Amino acid sequence: MVKNRICRICTTVVLLVGLSAITIASPAHAQWFEDTYPGFFSLQTPGLLQATIFGGGFVSDKYGVLQEGVQVEQSVTPYVGFFGRATGYQLWIGQGFESPLAPGSGSFPRLNFGRFQGGADFTLCPGTHLYVSAGHDVADSDATIVEGDFSSWLWLHSQHPINASFSTIYDWQNGVESSEIDLQTILLSREKYMILAGIGGAMYFGGFLSNAQGQGGPDLGFYYRPWQIGVSAQAGYGNAHQYGQISMYKQLSWFE
Amino acid sequence: MRRDRIHFSAGVAAGLLLVSALFVVSRTALAQTAAGSFQSVSGQVQIQRTGGATIGAASGVGVNVGDRIITGANGHAVLILNDQSRLEVGPGTNIALDQFTVGGGPTRVSLFSGVMRSLVNAGSGGAGANYQVHTPNAVAAVRGTKFDTAYSENVIRPGYQGCEKYTDVSVYQGTVNLAQVGSPNTGEDVRAGYEATVPCDKPPTESGPLSMTGAVSLESAVAGGASFAGAAPGSSAAPVPACPVCVNMTTVSGTGTGGGR
Chain V
2 MVKNRICRIC
12 TTVVLLVGLS
22 AITIASPAHA
32 QWFEDTYPGF
42 FSLQTPGLLQ
52 ATIFGGGFVS
62 DKYGVLQEGV
72 QVEQSVTPYV
82 GFFGRATGYQ
92 LWIGQGFESP
102 LAPGSGSFPR
112 LNFGRFQGGA
122 DFTLCPGTHL
132 YVSAGHDVAD
142 SDATIVEGDF
152 SSWLWLHSQH
162 PINASFSTIY
172 DWQNGVESSE
182 IDLQTILLSR
192 EKYMILAGIG
202 GAMYFGGFLS
212 NAQGQGGPDL
222 GFYYRPWQIG
232 VSAQAGYGNA
242 HQYGQISMYK
252 QLSWFE
Chain Y
431 MRRDRIHFSA
441 GVAAGLLLVS
451 ALFVVSRTAL
461 AQTAAGSFQS
471 VSGQVQIQRT
481 GGATIGAASG
491 VGVNVGDRII
501 TGANGHAVLI
511 LNDQSRLEVG
521 PGTNIALDQF
531 TVGGGPTRVS
541 LFSGVMRSLV
551 NAGSGGAGAN
561 YQVHTPNAVA
571 AVRGTKFDTA
581 YSENVIRPGY
591 QGCEKYTDVS
601 VYQGTVNLAQ
611 VGSPNTGEDV
621 RAGYEATVPC
631 DKPPTESGPL
641 SMTGAVSLES
651 AVAGGASFAG
661 AAPGSSAAPV
671 PACPVCVNMT
681 TVSGTGTGGG
691 R
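Chains V and Y are the protein sequences, given in the same order. The numbers in the first sequence follow the numbering used here, run straight up by one, and end at 257. The numbers in the second sequence follow the numbering used here, run straight up by one, and end at 691.
Since the hints were derived computationally from the structure, they do not count as laboratory data. Small disclaimer: the values here were computed from a predicted structure and weren't measured. Just so you know, not all the hints are guaranteed correct.
Unchecked claim - Straight line, CA to CA, 35 Å or less: simulated DSBU-like cross-link-like pairs of lysine-lysine:
(1) Lys63(V) - Lys595(Y)
(2) Lys595(Y) - Lys576(Y)
(3) Lys632(Y) - Lys193(V)
(4) Lys251(V) - Lys595(Y)
(5) Lys193(V) - Lys251(V)
(6) Lys632(Y) - Lys63(V)
(7) Lys632(Y) - Lys595(Y)
(8) Lys576(Y) - Lys632(Y)
(9) Lys595(Y) - Lys193(V)
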């Protein structure tokens, strides 16, 4: 199964590279490419170093999670950057519920682990990013994971741009593929803050899950510009019954 | 008769000289109309006077109508005009104070490159609605108080089909009318909390939320592109990476309600 997945990923990458080569090689498309991705092969000057400090929590009937971490990204070209992310997790598992990290290993009230990831950020067009990363867990989890995050802002030149985002993670330890989809819009933009609202949800399938699981609900966000700090909260219902989650992040950036 | 002619010619010459002198003096006086002074200066900041002299700027140094202010790559300056309006000049910027009138008259600033922030004193006889920032391809006319204007040249941005010059306006308070330089009466009103761009000789874009459309502002020029990209990494809302733990294990096939290892 893992081999099949790897094969699929490899095939997709090869196809993408092939398509890119055809697109670049065609003279008719050369101008289009130059207009769409000006300076594609040049280094970004000045370079941009960005850091995001983040933390959050999730609580449901049977599980609780705290997470905290930092992501650092270095620009290379205007369209490609590399990033590293370190995240710490603390899980509280309700009595009678098995470890979700390693099914069959028994029930544990508390699990702690860290996740270290590295990958690339591709700016596909203004406001649209694709993050691809891989990493490994340490401590109570020993999983190798691959993650893809896609985020696109639509109608940026409007009063209420819409963000569509999709994240998916494959965990080699428990074989579960976790995906999250979210739609948000900017309700209000002011000098010092923005208010965002939308709906989001998550789905889990594969691995030890016989059926797809999921949850979803409305979310609300607040971003304070002077401090570059954001808060996002979501509540909803799903296989974990009622749940609530909150995340906070602080963005920092420097020219080099 | 001849003496009369000589007297007449001398009188005319003297009169012309006097008029010329008055003209020169009045022009000089006009050119040197005091407009304000520097409140703070950091990095390399220079003033080019109307007569051509270039001096270094420092806190307390006066600024006259007609002066050009040029900041270096690390330069930054804050000017307080005599109507208490505040101009903040960012790094790598070149502006000229073309016109200034206290008491509600027109004030006009030309921005040739870089970024500047205007905090216009609309009350107590300040510039108010008569304040304008002109760039080579756009005019930003104020109906509010606080906004950034940036002009970039020889830069290609994605999505603008090879255009190489842009005027960006980011509005923090009030409303600014942004128009092409050739048609100042057909502009787009940009409200507080939003930004818009005039690319090349095209009409202004529709406005979008601040720090999201790629427009240059004083913050992004100084702090390294402080643009809003979304929520926490890897997620648009909350802890994605831990989500497998969200699964209620009672519903997981074969694993039941747990048990010992």
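Hints versus structure:
{"no.": "1", "hint": "Lys63(V) - Lys595(Y)", "result": "57 Å, violated"}
{"no.": "2", "hint": "Lys595(Y) - Lys576(Y)", "result": "23 Å, holds"}
{"no.": "3", "hint": "Lys632(Y) - Lys193(V)", "result": "30 Å, holds"}
{"no.": "4", "hint": "Lys251(V) - Lys595(Y)", "result": "32 Å, holds"}
{"no.": "5", "hint": "Lys193(V) - Lys251(V)", "result": "15 Å, holds"}
{"no.": "6", "hint": "Lys632(Y) - Lys63(V)", "result": "58 Å, violated"}
{"no.": "7", "hint": "Lys632(Y) - Lys595(Y)", "result": "11 Å, holds"}
{"no.": "8", "hint": "Lys576(Y) - Lys632(Y)", "result": "25 Å, holds"}
{"no.": "9", "hint": "Lys595(Y) - Lys193(V)", "result": "28 Å, holds"}
When the structure is compared with the earlier hints, violations turn up for hints 1, 6 and for no others.
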